[in-house]
Structure formats: C-alpha cells, structure tokens
Amino acid sequence: AQSVTQPDIHITVSEGASLELRCNYSYGATPYLFWYVQSPGQGLQLLLKYFSGDTLVQGIKGFEAEFKRSQSSFNLRKPSVHWSDAAEYFCAVGARMDSSYKLIFGSGTRLLVRP
Amino acid sequence: GAVVSQHPSWVICKSGTSVKIECRSLDFQATTMFWYRQFPKQSLMLMATSNEGSKATYEQGVEKDKFLINHASLTLSTLTVTSAHPEDSSFYICSATPGHYEQYFGPGTRLTVT
Numbered sequence: 001a002q003s004v005t006q007p008d009i010h011i012t013v014s015e016g017a018s019l020e021l022r023c024n025y026s027y028g029a030t031p032y033l034f035w036y037v038q039s040p041g042q043g044l045q046l047l048l049k050y051f052s053g054d055t056l057v058q059g060i061k062g063f064e065a066e067f068k069r070s071q072s073s074f075n076l077r078k079p080s081v082h083w084s085d086a087a088e089y090f091c092a093v094g095a096r097m098d099s100s101y102k103l104i105f106g107s108g109t110r111l112l113v114r115p
Numbered sequence: 001g002a003v004v005s006q007h008p009s010w011v012i013c014k015s016g017t018s019v020k021i022e023c024r025s026l027d028f029q030a031t032t033m034f035w036y037r038q039f040p041k042q043s044l045m046l047m048a049t050s051n052e053g054s055k056a057t058y059e060q061g062v063e064k065d066k067f068l069i070n071h072a073s074l075t076l077s078t079l080t081v082t083s084a085h086p087e088d089s090s091f092y093i094c095s096a097t098p099g100h101y102e103q104y105f106g107p108g109t110r111l112t113v114t
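Just so you know, the sequences run in chain order A and B.
For the first sequence, the numbering used here assigns the number 1 to the initial residue and increments by one for each residue that follows.
For the second sequence, the numbering used here assigns the number 1 to the initial residue and increments by one for each residue that follows.
No lab work stands behind these hints: they were computed from the structure.
Remember, it's a predicted structure, so these values are computed and weren't measured experimentally.
One or more hints might be untrue.
Taking beta-carbon pairs under 10 angstroms as the criterion, some of the chain B residues facing chain A (in silico) [said to hold, decoys possible]: (1) 2; (2) 6; (3) 10; (4) 11; (5) 19; (6) 32; (7) 38; (8) 57; (9) 95; (10) 97; (11) 107.
Ideal placement from N, C-alpha and C gives every residue a C-beta, glycine not left out.
Given the sequences, and given the hints that come with them, work out the whole structure.
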C-alpha cells in the first residue's frame, strides 16, 4: 500500500541555519512526489514537485528537494532559513486510485525558527 | 496562476442546520476537485473526490448523506454539511486539479457548530 512517512513531528532551527526535512515514501511504481507548506489557518501551497528527470528539484522560496530512489526518500532542503519559513510542511505522493489521481500525505513536520 | 478560492473562510452555525462551502478554480478548469478535512495539528484527510457532472466518490467512513458534494461546473464544487453537529466542527480544505496529480488548494474554511 502507498504511504508517506515524515519521521520528524517538530524541527527547530535558528534563523540563517540550513534545513532538511525528511520524507520517505512507499509506492510500487514511479512516484510523483510533492512538498507543500501550510501556514496556520491557511490552505496548502505547493513548494515543488518531482515527476521525472533531474532528481534535484528546485522550488519556490529557495527550497529544493532530492529524489533518491534507492532510499525511497524525497527530502526537502533550504540552505538558509528565514523566520517566515515557520510553518507546517507536508510531503505527498501521487497515487492512482479509483480512476482518480489522489495525493497521499505524510503526517507533516512543524518547523519552528529561532530568532 | 492556478488559484483556488473557498467561501466562506469561516462559518459558525447552530447544531441541526446545514452549511454550504464553495470551492472555485479561478484561472483554470478543474477536471477533478477534492475535499479534505483537517483536525488540529493533524494531516489532511481526504473525504471525497468529485468530477464535473458526475457523482462524488467518498472515502471509506465518510457519510455521503451528511457531506453532500456537487460539482456543477469545471470551476465550481460545493460541499454541504447537512444537519451539522459539534463533532463536524473542523477545517475543511478543497483542492482542484487541471489533470493528473498536481493539486492546487484553497485557503480552507473553518466550520464551528454550536
């Protein structure tokens, strides 16, 4: 069965420090992978996606993610975190089910940024 | 581009009444729209998938008679919570896709049932 695991519930980093959020997926075929960010009381904003090709994907707001098939991972990175990056981050895998393309979300990682 | 709106952003209703939430794709045609529910500090739970002009497909455990979904056009889907009770209080988020896997999310609707 398809699943997404985000092993870190909370991560705290200092402003200006680098960031890596972990995501592991389980999916039988070639995965379609996404990272979304959610600010409190808001919907989800797409940060980046991987469908095929270059395994290092660039996204908005200075984020990037690397697809590693051998590790079933799609970790999100940012070289220098800003206070405005504090939010909830969700990794998702696309799965075709019931004739629809659905997203399976991880449980999320809450990022806290120290001034 | 790829903007999805939801209305209202928050609503308070009395127990036993019904409330309708609208989801619109503003700058693209959505072949499929999705409705999610999110509890505090939790991930999104998919409630149902709707395709324009056809009946919605509900996830296991979601009461289709309580959560009525209508997808009347390629830019509008509505979720009606019927006979709402306090346990229906939650954050409801819709998403829309022009096709394939990419989903664009609305800003969410906070429902409080008193």
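Next on the checklist: If you test the structure against every hint from before, which numbers come out violated?
Outcome noted: 4, 5
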